[in-house]
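K.L.:
Model the full assembly from the supplied sequences, consistent with the hints where possible.
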Amino acid sequence: YPLMTAFNALPKAAFVPILVVWFGIGVGPAILTAFLISFFPIMVNIATGLATLEPELEDVLRVLGAKRWDVLVKVGLPRSMPYFYGSLKVAITLAFVGTTVSEMTAANEGIGYLLISAGSSMQMGLAFAGLMVVGAMAMVMYELFSWVEKRTTGWAHRGSQGE
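Quick note on the working numbering: the sequence shown kicks off at 205 and runs consecutively.
Source of the hints: derived by calculation from the structure; they are not laboratory data. Being a predicted model, the structure only gives us computed values, none of them experimental. Mixed in with the good hints, there may be bad ones.
Unchecked claim - The calculated lysine-lysine pairs, modelled on DSBU-like cross-linking and capped at a C-alpha distance of 35 Å, are:
| # | residue 1 | residue 2 |
| --- | --- | --- |
| 1 | Lys293 | Lys271 |
| 2 | Lys354 | Lys278 |
| 3 | Lys354 | Lys271 |
| 4 | Lys293 | Lys354 |
| 5 | Lys293 | Lys278 |
P.N.:
Now the structure itself:
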């Protein structure tokens, strides 16, 4: 995925003005910026998870009559789920960064807009409160995805995770 690596190297904040031209000021550019900033870590980790499938296991499944689709759906995707959740927990925090930057650049509402407004009117307390809200939302989403991960991939042992 060299093309994806090249795309990931581009600063996502530079896309915000382009997205504003295409989709207008508002929530659209913020959502798309969050998607753009989150996509690469998720894609790389899922590809890594799929690559962990041992060739011998795939050969045995094929001998037993499994088609490539069966191997992917019944073994490959379940085995890549811990990788997916790991990347999702990283990506959600990046998504909050992307959304906030987009709202700071081209929005008339949202926490990013609040940060710009509070900063320009020297209301530093309000600006720090906005930052704390972004951090709290990211933390809640991280914990939510951790909870979902434990419920859906309990079979995948991770020694560093507490109960």
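K.L.:
Against this structure, judge whether each hint is valid.
P.N.:
Here's how the hints hold up against the structure:
At roughly 32 Å between alpha-carbon atoms, Lys293 and Lys271 fall within 35 Å of each other, so this suggested pair holds. Proximity of Lys354 to Lys278 is assessed by CA-CA distance (about 19 Å); at most 35 Å being required, the pair is judged to hold. Of the supplied pair hints, the one linking Lys354 and Lys271 holds, its CA atoms being roughly 30 Å apart against a limit of 35 Å. Between Lys293 and Lys354 the alpha-carbon distance is near 13 Å, which keeps this suggested pair within the 35 Å criterion.
A hinted pair counts as satisfied when its Cα atoms are at most 35 Å apart, and Lys293 with Lys278 qualifies at roughly 24 Å.
Checked against the numbered hints given earlier, this structure breaks none of them.
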